[in-house]
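**Q** So you can see what is in the structure, the chains are spelled out below.
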Amino acid sequence: MRLGLALRELHRSETSLAAFLYEVSDRHRVEHEVHHVARDLAGWSRAHVRDLAEAGERYGLSLRGTAPESSGLLAPVRRKVSELTGRRAETGLLLLADLRRLHRRTAGVSLDWELLAQGAQAIKDHELLELAQRCHPQTLRQLKWSNSMLKTLSPQVLVSG
Amino acid sequence: MAERDAITDPWGARTPYGPGDSWPVRVDSHLADGVRAEDVDRWVPSAAVLHSNGDGLEIAVKDGRIVGVRGQADDRVNHGRLDPKDLYGWQAGASPDRLTTPLVCEGGRLVEATWDEAMRRVVTRSRELLDEQGPSALGFYTSGQLFAEEYYTLAAIAHGALGTNHVDGNTRLCTATAAAALKTSFGCDGQPASYTDVDHADVIALFGHNVAETQSVLWTRMLDRLAGPKPPALVCVDPRTTAVARAATVHLAPLPGTNVALMNGLLHEIIRNDQVDHAYVEKHTVGYDDLVQQVADATPERVADICGVPPEQIREAARLLGGAERLLSTVLQGFYQSHQATAAAVQVNNLNLVRGMLGKPGAGVLQMNGQPTAENTRECGADGDLTGFRNWANDDHVAELARLWNLDPMQIPHYAPPTHLMQMLRYAENGTIRFLWVSATNPAVSLPELARVRSILEQDRLFLVVQDAFRTETTEFADVVFPAAIWGEKIGTFTNVDRTVHLSEKAVEPPGAAKSDLDIFLDYARRMDFRDRDGEPFPAWHDAESAFEAWKKASAGRPCDYSGLTYDKLRAKNGIQWPCTAEQPDGTERLYVDGKFFADPDYCESYGRDLITGAPTEPDEYRSMNPDGKAMIRPAEYLSPHEMPDEERPFALITGRTLYHFHTRTKTARAPELQRAEPEVWVEMSERDAKECDLEDGDLARITTARGAVQAKVRLREIRDGVLFLPFHYGYWDTEATSERAANELTPTDWDPASKQPIFKTAAAAIARVEEDR
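Order-wise, the sequence lines are chains L and R.
All residue numbers for the first sequence refer to the UniProt record's numbering, where the first residue is 1 and numbers rise by one.
All residue numbers for the second sequence refer to the UniProt record's numbering, where the first residue is 1 and numbers rise by one.
It cannot be assumed that every hint is accurate.
[Said to hold, decoys possible] Facing chain R, according to a computed beta carbon distance under 10 Å, are these residues of chain L, among others: (1) Ser-16; (2) Glu-31; (3) Gly-43; (4) Glu-54; (5) Arg-58; (6) Ala-89; (7) Glu-90; (8) Arg-141; (9) Gln-142; (10) Trp-145; (11) Ser-146; (12) Met-149; (13) Thr-152; (14) Ser-160.
[To be verified] If you want the footprint, here are the derived chain R segments under chain L, 3+ residues with CB under 8 Å: (15) 40-53; (16) 608-616.
[Unchecked claim] A few chain R residues that don't get close to chain L, going by computed Cβ distances all over 10 Å: (17) Gly-20; (18) Leu-31; (19) Thr-101; (20) Asp-277; (21) Leu-404; (22) Pro-413; (23) Arg-426; (24) Glu-509; (25) Phe-530; (26) Asp-532; (27) Lys-553; (28) Thr-566; (29) Leu-570; (30) Trp-682; (31) Thr-704; (32) Asp-750.
Think of the hints as simulated: they come from the structure by calculation, not from any bench.
Note that the structure is predicted; figures quoted are calculated from it, not measured.
We put the CB at the ideal spot given by N, CA and C, even for glycine.
Just chain L, same shape as in the assembly (with noise of 0.2 Å):
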């Protein structure tokens, strides 16, 4: 069955989420709303990645229950460029381009929930079903955040420098 393949490519992307949305906190050390939320939203992403886990036993998948807890061993690299180069204008279009890339990898994951919802349907998986619908609407909630990000910051970033 390729539920199974569905499956795995969520778990994959979320896996992915959760540490991209760590690299864009420490990368935007200095985006102060940007690096907190970042991670607390990288919360959901990990919780996903377990649950995912548990239900690929079920599909006879082996999947690692644990996504990273931080942006690697680069963290603090990161977070110190992040405050190096803090003071100036042009790192507002690293910051929209992050953004940009964290929104198209998070609708990426919200389609993998699509995906292996409608699956979990057809089969009429019930168990698998209720999880799609548990953790999509935060998905949803993530893809709605970076968007309002890139609303909200964009203006000073476009008309300045």
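Mind docking chain R on chain L? Use the hints.
**A** Only chain R this time, still in chain L's reference frame:
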């Protein structure tokens, strides 16, 4: 007339009364030494300006000087009472170190200048930046202490004439969450309840609200109920054992940063015990099922682990809240300045909504304010909202405002929410805001992470204008300083927490060349030669009363409707609650009496925000969620605070207000009684913690966080173990010390994503004795 030593006896004598009775009158007064009441030339009506309570008072004038104050016996707010700050604080106005002339920066020093010269510099720089970058280069940061006329004028100049999105008030630090919580639950700002609900309530629940110190006259009202027949039960949520906690039937002392978990636990119990007013919920609200789902697993046991509060205490509090027949809930900084501020404050609204406790005597919510005129900052649109509680995301509202101002709608920025202060500061940090005009506030002491704040304000590339009555820590970074007239030296209206509007008359002349903030803003507008669509000067008004008349037009038809008020009407009877209209000429005691809200999609001030991410709700989403404009029950999950105590920094640090001081003490430290009462910063900790840290009462300690350090004398107090408390009032203008005194050296740069209010009550800290001490 009773005169007491309000320092040793801050709340005065009891005048007990029972439920539903009128609170007895007790007139408090204080006159300068040697002045008797019969010597006073004139008594000039005003209201209290050193806290948010809005107590009506009269200023005593003799030989052209302020010589004292007395409470207004017939004022609905205080029935004659005054708090220590009111009784003594007026002396600051006559301080010899008032600013009496403009100052400009020459060779790194502030030197005296004429108004023409100072204004020329501000106007020249404004024009240069408008040419180079446009209005996004300019930002305005105002206060919670000016008058409505002044905020409205500033909003018209900034949002209208200049068209910048960067306008906020220091209300961001104290009441942004009150506004956000009201918008989230009711679609609009505006205080549902009234102080008179204290007279009727059988349970008063105070959430992070140390009313005994922040609104001490309101506390005397509660004390008088407690001393009378059938006293109300008090529920107090506060990590410190305050005077309120000592008087409470139940005192919950949660770990800082865990308010949402605690509230969810209380709601869980009320739902489990089925103490829900289902008829009210069904008829007047949306979202109840989501709340049931959210709090389903928030059992007292589970919540107890997070908050460090025994489960039986949570059950006991829930029993009181759930059994109340007239429940008055109040909220202040313990929630607003803590982690998940809006989410927590909204759960208090949810509590009253599920219990159907709204809009009737004794039943209501008071989302409190911290400053005397914070309500005006919000309603006039000087704080990151649009004038008259208009919705920036509703094009019709913006068009209406543009018609009022006779400007092109595109001139009023509404492509995104108005920029909040912390984001403005970030823009100043990255060099895209290059002009910042600060009025009546002192960010160099009051904002979090002061080392960073100073590094931003001191930049050469930032043109800083500061308008104040005194030199402050902030004026020292300024390019231009304007000397401002203050309370008692100008006329205007202001509105307190429970929507009571007072007219504050001019009692004396301002010193030297000082001018009212209104006159300064209008002078700037004339020199900038702002024009409306017909080429007429904008703003069209020229003094306080004409500004008030203009503001009335802007408020007409909106929830904060002033159209039924005039200066003369307030002269006849001071203290009237908005909305005040032709239909309701005596004002409105309670909002939402009939279960009708300002939440209709076409009328609401805000479509709300996600309580966790802060993302604004899209108009369509709001419309489908709440098509009939009901109250909204919005649940929230608990998230761990961003900075948790650890081995290196084992304490949770909270900062806050005290009874005798206000803001950064620019006034209260210049009133001898208040200054003597608390001249120096201190730190409170529990006896057990002190013992473990080898500290004793009176020791000099050094408190450190990842941001900096503060030195303070230790006071052993009843405060929960693991928590340190520092008052935030102390800065550097009145001390030899140049560092390690202001609490905000320690606080983090982090804010609630929904209300954008900075978090002052969750920081990991260490404490140790200063070695040379003892």
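**Q** If any of the earlier hints don't hold here, list their numbers in rising order.
**A** Violated hints (numbers, rising): 1, 4, 5, 15, 22, 23, 32; every other hint is consistent with the structure.
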